[in-house]
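Go by the hints and put chain P onto chain Y.
Protein chains: 2
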Amino acid sequence: MSKVIFQIEGGSPVTMECNDGENLLELARRANVAIDAPCSGNGSCGKCRVKILEGEVESLPSRHISEEEYQEGWRLSCSCKVKGDCTVLVPDIASAYQSRMKTADLSSPKEIAIFEECEENLKNSGIHFVNRYRSVVLTMAEPTLDDTMPDNERLTWAIQEALGVEKVEIPFCVMEKLAHTLRENAWTVCVKGELREDAFLCMEIGKRSDTALVGCAIDIGTTTVTMVLTDLTTGKLLAKGSSGNGQIRYGADVINRIIEQGRPGGKRKLQDAIVKETLNPIIASLCKTAGISCRSILRLSIGANTTMNHLFVGVDASSVRMEPYIPSFFSWEGLLAGDLKLPANPLAPVLIAPNIGSYVGGDITAGTLASGIWDKDEMSLFIDLGTNGEIVFGNRDFLMSCACSAGPAFEGGDISCGMRATDGAVEAVTIDKATMEPALSIIGDEGQKCVGICGSGIIDLISELFRCGIINAKGLFVREGSRIRRDAHGMGRFVLAEPEESETGREVSLNEVDIDNFIRAKGAIFSAIDTLLKSVDMTVDMIDKVYVAGGIGSGINMKNAVNIGMFPDVELEKFHYIGNSSLTGAYAMVMSDEACTKTHEVAANMTYLELSTHPGYMDAFVAACFLPHTDARLFPHSVQEV
Amino acid sequence: MSKVIFQIEGGSPVTMECNDGENLLELARRANVAIDAPCSGNGSCGKCRVKILEGEVESLPSRHISEEEYQEGWRLSCSCKVKGDCTVLVPDIASAYQSRMKTADLSSPKEIAIFEECEENLKNSGIHFVNRYRSVVLTMAEPTLDDTMPDNERLTWAIQEALGVEKVEIPFCVMEKLAHTLRENAWTVCVKGELREDAFLCMEIGKRSDTALVGCAIDIGTTTVTMVLTDLTTGKLLAKGSSGNGQIRYGADVINRIIEQGRPGGKRKLQDAIVKETLNPIIASLCKTAGISCRSILRLSIGANTTMNHLFVGVDASSVRMEPYIPSFFSWEGLLAGDLKLPANPLAPVLIAPNIGSYVGGDITAGTLASGIWDKDEMSLFIDLGTNGEIVFGNRDFLMSCACSAGPAFEGGDISCGMRATDGAVEAVTIDKATMEPALSIIGDEGQKCVGICGSGIIDLISELFRCGIINAKGLFVREGSRIRRDAHGMGRFVLAEPEESETGREVSLNEVDIDNFIRAKGAIFSAIDTLLKSVDMTVDMIDKVYVAGGIGSGINMKNAVNIGMFPDVELEKFHYIGNSSLTGAYAMVMSDEACTKTHEVAANMTYLELSTHPGYMDAFVAACFLPHTDARLFPHSVQEV
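Sequences listed follow chains Y and P, in order. With numbering that gives the first Met the number 0, letter number 420 in the first sequence gets 419, and the count goes up by one each step, no holes. With numbering that gives the first Met the number 0, letter number 563 in the second sequence gets 562, and the count goes up by one each step, no holes.
Bound conformation, chain Y alone:
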């Protein structure tokens, strides 16, 4: 047995015993040490870097580790086997895009505007923003020897009086503390709950001053999790936060995670990674920001893809990936926060936006609701850029949808210096054609140094490299210059920031493998759009509107996205970035009973096109894996200034 000590940057060390020959990444997983491994440990992504501080390990060489770095002790943990005792540094940077929870990004008026606009549009479509949650302050007569009604009857009576309901349900979690709460508050309390037809479900009892009724809308992405707390009465956003999905250490894509879930103890492990390790800390932090108690959260809504929904509730997802691809559920009524031990009122319903297929999930039905395309005459294209790309096309008469596997590139995954759109991310780039010098726009306060590059930055950079003739249609470097470097194998890269200019002391660059990964991602998206349109005998010029959604950031430059052949070449004014529409849709659901009903209607009316078995999709994909496309006529506005 050897002893491996994981020194976690910014955390406590973890010691594990294991046999020699055990894989270091596997060992870290067993020890619950978070190491980012989007490629699930096959050596391709280069994210799982660790530094051997003491002892040594057996390791394979990797193009992601330079000779100098190797000398310093850097290794890819997925490519290491334990060989005797050792001490391993797990750098915080390794989990840069997983961690870095952000809870205070309500400052952006742009962000708030997206929610307001969604609400406004839905209201115009006849959806009322009304729900049945109520709080009421009650004063009861103190019992005496002549008035010996027991506590629960006294409370029932007061609620009946105040709300004019016939039946009052007082569940266990309220009964448990009833005697104490009534007396501690001298018989004046605030009661919160759900008003049903002639009945009231009493969900919480507490002091008179705490009248908050809070909803929590959550987007569970494969890579990123985002949520908002909202006032269930006014709709005001109380707090917003996001974080990486803690399941990332079990693989970047849904397939790897389903495989992990199928192993012994896997259901619990994957569920814990999303619920305990990811959602619970964000909810707790947002509640603190908003100054409310978690128990004031009386309703939650979830926008997530089919697999994320299954892993979240701890339901076996293996049949999702195996023929005949049968999920355990599309929609689910009656799920409660207490079932999942979420830090909320245990009786709070958890509304899951309905899935419509194994690969088109609730994130898309919620997003479609938010986009409003289901209520329009004009033909709209809805594109959700996530780890999977999903496309919906149609109008009030019909809706077609399909999904393609884009990989995590849009959120910075599978890109050597990629990261989510948080502080330190390059979100926009322009390049001077002559000097080839880049001008960067970095997220964060004045003076924020560069950490990596996020989706919108990568689109800009590739588009600019292509426009300036620095790379060719295949994404290979064809010019030389001080910003362009090549490794021993001749692989080119473009340097955005030298080690000394970056936040982390490591060079920030984009290499040919990154560009190739990104071209595949954009190719998947465009070919899916192309195939979906063809399936209904439509062409690009029939598109009236394009709604682009996803965590890629409001900084996305549509012109550049068209330039590289990611989106169809339509007039730029037809494009609308609608933000994280899964989250906006979930927000509408948590606020409005009618929005919930409508989401289920939209889901029921949506037709699903399975691309993987669709004739022509593979050809379309291959044709799209060029800049902008093998058939350049499809992109008349794409520019390469040669």
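Treat each hint with caution, since some may be false.
Each pair may be met inside one copy or between any two copies, as identical chains are not told apart.
[As the list claims (entries may be wrong)] Computed cross-link-like contacts, SDA-like style, restricted to lysine to any residue with a CA-CA straight-line distance of at most 20 Å:
no. : residue 1 : residue 2
1   : K275      : P142
2   : K340      : P170
3   : K268      : R320
4   : K375      : L633
5   : K176      : R262
6   : K235      : I111
7   : K50       : P635
8   : K473      : D145
9   : K176      : K340
10  : K176      : R320
11  : K176      : G261
12  : K473      : F397
13  : K122      : W156
14  : K176      : G265
To be clear, the hints were calculated from the coordinates, so they are not data collected in a lab.
Okay, now just chain P, sitting in the frame of chain Y:
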């Protein structure tokens, strides 16, 4: 700090560190070591005996420990203070009446007859033994690429077909294992649940062969817990078991336990003592006996007094004992087994027989239901002999009830050699007047030696001692003989078994303090009956029937009970022993929806007479604390053969 090791007979040793001077019984409680202490540690009951094996303790002398025993190291733990390291033997005998779970006592045809008779009588009163639990075996079509309905819709559809219901609820605990269960059982499964109006709540899914629908009826007495498992379709008893209430170590009576509950962590401690330590092991054991899974228990019912109900559900009971004596609830709808983590289907409703006052609880409303007196023209007296004695009097037109504190004497508590009516208990005694030699009837197999004496045995013994002129009307010994011994203070006792004749090697006897305790208990009962009758201007000769209930055992000799002035002196054929009517009533509730409704009706129509503030009760009590009574004319058939 001193180290105390508790050597538990038949268990693992427990080591505690504490300061010198700490009370040994308190320390044992903190260590969760079960030591019987019905008097709650005031030194009066003598039950909390331990033996100091190593080291020493500071202790007060006690009349319960003989000089010889003291030399051997025996002490009352409540009267000891720690003084340095020591090792303490906690004898199994100390908890004789708490432990000794019995699960296989269905053998007695008498026992079964009581349930059958109750069912028969209730059916004659128009109560149908019908409930809404159903199991159904379903075969579903295996999904294919052309039949891609998700699992939950497939199941819903099959249930709708089979049961003709419109709506099907599939809760979390079923959804969680749905995918796996359907596939493991090749799409043929047994589904169990509750059929509601046009809806079915699916509570369990499993293999086709497991179709059991099980109810669990529980009587939670202050001293003793008894339960039966029953087939919800046929009503057949599947298993029956009983055990001491594990809360006994926090005091013999409800008042001491309410005080304990009010201390920090008390709610959890008292609830754990009844749920985790008492009910859960019995349920698990009965399920094993019956060959069913705990999850097949789809409904539970509870007959318990008001305080036991509060402690059981973990609800603050302190207001029950403090003016104005307001319980948190009389009746409670919507409690589920999962709320209390009972080993049953988590969705199984827990039906609590309604309380009607702080001291007349669900055990009495359930018992009244079972007695059938609510449907009779004749005037009936219902007496429940427990730690509290409760009396109900009336007929179909009116029902009056009251409660008195009898103490645990009827169940063998507060009696030096007392025990519950289980193996080794003397349950009947006759005495030869001339030789004063007793003839004992002992519960158990042939050759079972005597361990102690249970309630019915004590009644017989006192009645016989009185008839033979061995004790006088005050319960003091007035004859001498080989069976009669006196201690250094002159206190007399009657020896039933010499040390060498007993199972435990300790003398089994009844002393004057025991007799005095018992006379107070029987005096409390009789004076309650007397006061209740007077309150409605009735006399003893107007009583048509007397139903005696309680765990005192079917061996109770009514003639002897009248002889000592415990029950009113009416014709012996008017007496009926109806066993543990709280349990029989709970059995009716778990089996029959109409019985539940009727119990609530009975409770709503019952008038409660508060004895503690009733003028005349104290005088009546004092007058009844004689054999048979100060006014002997009330007992014309009582005999003292002088």
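Structure-based check of all given hints:
{"no.": "1", "hint": "K275 x P142", "verdict": "neither (43 Å within a copy, 34 Å between copies)"}
{"no.": "2", "hint": "K340 x P170", "verdict": "both (17 Å within a copy, 15 Å between copies)"}
{"no.": "3", "hint": "K268 x R320", "verdict": "within (19 Å within a copy, 47 Å between copies)"}
{"no.": "4", "hint": "K375 x L633", "verdict": "neither (27 Å within a copy, 93 Å between copies)"}
{"no.": "5", "hint": "K176 x R262", "verdict": "between (40 Å within a copy, 15 Å between copies)"}
{"no.": "6", "hint": "K235 x I111", "verdict": "within (9 Å within a copy, 64 Å between copies)"}
{"no.": "7", "hint": "K50 x P635", "verdict": "neither (49 Å within a copy, 98 Å between copies)"}
{"no.": "8", "hint": "K473 x D145", "verdict": "neither (89 Å within a copy, 40 Å between copies)"}
{"no.": "9", "hint": "K176 x K340", "verdict": "both (19 Å within a copy, 17 Å between copies)"}
{"no.": "10", "hint": "K176 x R320", "verdict": "between (45 Å within a copy, 18 Å between copies)"}
{"no.": "11", "hint": "K176 x G261", "verdict": "between (40 Å within a copy, 13 Å between copies)"}
{"no.": "12", "hint": "K473 x F397", "verdict": "neither (37 Å within a copy, 95 Å between copies)"}
{"no.": "13", "hint": "K122 x W156", "verdict": "neither (37 Å within a copy, 35 Å between copies)"}
{"no.": "14", "hint": "K176 x G265", "verdict": "between (36 Å within a copy, 14 Å between copies)"}
Going through the hint list in order, the structure does not satisfy hints 1, 4, 7, 8, 12 and 13.
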